[in-house]
Amino acid sequence: MALLEYEALSIALPGMARPVLDGIDLTVSAGEVVALVGESGSGKSVTARAALGLFPAGARLEGQVRVDGTDLVGAEATGLRTVRTAKASMIFQDPRAGINPVRRIGDFLTESLRVSHGWAKDRANARAVELLTAVGLPDPARHLNQYPHELSGGMLQRVMIAGALTAEPRLLLCDEPTTALDVSTQAEIMAILGRLQRERDLGLLLITHDIELAAAACDRIYVMYAGRIVETAPTAELFAAPRHPYTAGLLGSSPPLSAPDGPPARLTPIPGAPMGLLDSASGCSFTARCRFARPGVCDQSPPPLEQHGTALVACYRADDLTDAPATLAPTATVPNSTNREDS
Amino acid sequence: MTSDARTLLQVSGLRKTYRTGKAEFVAVDDLSFSVRAGGALGIVGESGSGKTTTARMLIGLERPDAGRILVQGEPLAATVRGKAARLARAKAVQIVFQDPYLSLDARISIGATIDGVLRLHGLTDRADRAARTKELLAQVGLGEREATALPRKLSGGQRQRAAIARALAVEPAVLVLDEAVSALDVSVQAQVLNLLSDIRRDTGIGLVFVSHDLAVVRYVCDEALVLYRGRTMEHRPVADLLTHPGHPYTQLLLASVPRPGWDPDSISRRRRELDPLPAAGAPGGRG
Ligand SMILES: Nc1ncnc2c1ncn2[C@@H]1O[C@H](COP(=O)(O)OP(=O)(O)OP(=O)(O)O)[C@@H](O)[C@H]1O
Ligand SMILES: Nc1ncnc2c1ncn2[C@@H]1O[C@H](COP(=O)(O)OP(=O)(O)OP(=O)(O)O)[C@@H](O)[C@H]1O
Ligand SMILES: [Mg+2]
Ligand SMILES: [Mg+2]
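Read top to bottom, the protein sequences are chains L and F.
Going by my numbering, the first residue of the first sequence is number 1, and it counts up by one from there.
Going by my numbering, the first residue of the second sequence is number 1, and it counts up by one from there.
Incorrect hints may appear among the rest.
Some chain L residues close to chain F (C-beta under 8 Å, calculated; not the full set) [said to hold, decoys possible]:
hint, residue
1, Thr-82
2, His-209
3, Asp-210
4, Leu-250
5, Leu-257
6, Ala-273
Label pairs and their in silico Cβ distance ranges [to be verified]:
hint, chain 1, residue 1, chain 2, residue 2, range
7, L, Arg-103, F, Asp-275, 23 to 31 Å
8, F, Glu-24, L, Arg-96, 23 to 31 Å
9, F, Arg-63, L, Ala-97, 41 to 49 Å
10, L, Glu-111, F, Lys-91, 26 to 34 Å
11, F, Pro-260, L, Gln-64, 28 to 36 Å
12, F, Asp-275, L, Gly-79, 41 to 49 Å
13, L, Arg-294, F, Gly-246, 46 to 54 Å
14, L, Arg-96, F, Arg-107, 23 to 31 Å
15, L, Ala-97, F, Asp-275, 24 to 32 Å
16, F, Leu-120, L, Glu-62, 52 to 60 Å
17, F, Ile-108, L, Glu-130, 20 to 28 Å
Quick caveat, the hints were computed from the structure, so don't treat them as lab data.
Where is the CB? At the ideal position from N, CA and C, for every residue including glycine.
Could you put together the complete structure from these sequences and hints?
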């Protein structure tokens, strides 16, 4: 049994043209680092929050999301509490949003130990110092007495990671944990997360819109588009030979650092904009932006996730595109006339 | 340094000290560079290295305590009084921030925002303004629908492109972008980056592009200046800097960009070696 298992999880909100999440299947095992990538609005955060039993108000839920065997869809209060206080923790993008600015770091870190676990102050403080040391902060005892505004963003994110570890979770849900940080601080935070994950054999779900970061840090990648998983594969395969045109599009839009000398070629953005909740598509949601889309094929019904080599891909044209170059540059493979490359 | 006719921006010996109570903190020290017409300078460095402080001095939001800034040979006035002086400064340098809401008016459509800027800068004929607004928005890939939309009705990338169009409406000599693409999705970021290289080629504007991401800087700029704790570590052509980074700090920044084979452990070890007492506890920065 995997530590985290989504099974056909769908979340729909009233008044919307399409579900926020549509049949998500995703697993993270203990000791595994898995990325979930996709553009803004694709449903990454909603997916992560579901693993803590946090669903949008008024949503209609189908399917399951299990943490260590406990299904959170319709879980009882005790089940929810066990997952949240002992099994899974979440780290967010903006550390300042998740901490009370007028309370000291020490209070933030010891509160749950003292309130939920009934620890005495000294014991909780000692544990907080231990955790701050584990996340590499230089002067843990002093930090306990500091206020959030006295720490830089990178330091505060380490405090948040320490906070996430107080419950000794087995699963870490990291929602854009480094997006607000500069690249070298990002590397430090990822080094800390990686070390903790290995030492404690944690399952880690890294949510990011940065496919390069996902590739650098994770064993396996899920690519999400408009509430659906469109491709998942081990990192090396996904990077070397993306099979879904959306995955290839994400890779093609990233400015290359290591491309050959000379002025970099023009980037190839994915045309158009992601689909909002008020837009729906009868077939593949990516059809309108896809230069490989075929009318009568791609726009009929949503493509199922199917095995292609080591990857699962939801694309009717995946077989035709398998031999295309990694970037899926327009070749003989049919750019057709119904493509919309506008807006 | 002499300034020939094509030098748009010339900065020399810039310093900025912040005082909090009795404590003094030198955020930028002895900074010099120039940007010529059609040139693009990248200012890179980690959080707290002084990038935004520099950008703010370039648009007169922050007053340097030493050094000078010349735009097209004219000193950037220390204070601006009156409408004419304010307009002249706006024409010298424009800025686009990471948060496009800072340069757009939330209550009116982006078309109306740009129309207002054109009117302020002396375009009196209504039809001329409408035509120019359309042209500016088209230049950043926005059409009629977006022109009539309020900022919050647009996507992040569309808002950021609108903010760039607004800055271009002033026809500034120099455009400063402070982490203007950092928060965007890669697909949208790619649109904005392509746009910036087009603008450079087509208008001869000078760009100062602030970022901590060398991959992005490489794409937009021909020169880059590496700041560390407010000081210039190196300043060279980008291609050169990336293939032969001279300073250990530049090497670190380069190694930090995620890619296959990335080793965050060794990056953080090297960072600590460079800087045994990291900006510990320093507030304000994002790192
Ligand atoms: N509580 C909620 N109520 C209603 N709609 C919501 C709620 N939470 C999210 N949404 C909508 O669901 C969609 C998916 O949102 P989500 O936050 O998961 O996106 P994301 O992939 O995390 O994007 P980003 O990269 O911008 O963080 C969006 O259209 C969002 O507006
Ligand atoms: N108004 C201020 N008062 C005091 N210190 C300040 C002020 N503004 C900035 N600083 C300090 O000056 C240094 C440089 O800040 P600056 O904002 O220029 O950095 P930056 O390179 O833009 O960083 P980031 O990548 O986080 O945006 C930081 O240590 C910051 O804390
Ligand atoms: Mg999110
Ligand atoms: Mg800044």
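Status of the hints after comparison with the structure:
1. Thr-82: 32 Å, violated
2. His-209: Holds, about 5 Å.
3. Asp-210: 7 Å, holds
4. Leu-250: 6 Å, holds
5. Leu-257: Cβ of Leu-257 (chain L) sits 4 Å from chain F, so the hint holds.
6. Ala-273: 6 Å, holds
7. L:Arg-103 - F:Asp-275: 23 to 31 Å: 29 Å, holds
8. F:Glu-24 - L:Arg-96: 23 to 31 Å: 26 Å, holds
9. F:Arg-63 - L:Ala-97: 41 to 49 Å: At roughly 32 Å between Cβ atoms, Ala-97 (chain L) and Arg-63 (chain F) fall outside 41 to 49 Å, so the hint is violated.
10. L:Glu-111 - F:Lys-91: 26 to 34 Å: The hinted range 26 to 34 Å is violated for Glu-111 (chain L) and Lys-91 (chain F), with Cβ atoms some 54 Å apart.
11. F:Pro-260 - L:Gln-64: 28 to 36 Å: Distance hint for Pro-260 (chain F), Gln-64 (chain L) holds at roughly 34 Å.
12. F:Asp-275 - L:Gly-79: 41 to 49 Å: At 46 Å between Cβs, range holds.
13. L:Arg-294 - F:Gly-246: 46 to 54 Å: 52 Å, holds
14. L:Arg-96 - F:Arg-107: 23 to 31 Å: Given about 27 Å between the Cβ atoms, the range holds.
15. L:Ala-97 - F:Asp-275: 24 to 32 Å: 28 Å, holds
16. F:Leu-120 - L:Glu-62: 52 to 60 Å: This hint holds: roughly 55 Å between Cβ atoms.
17. F:Ile-108 - L:Glu-130: 20 to 28 Å: 54 Å, violated
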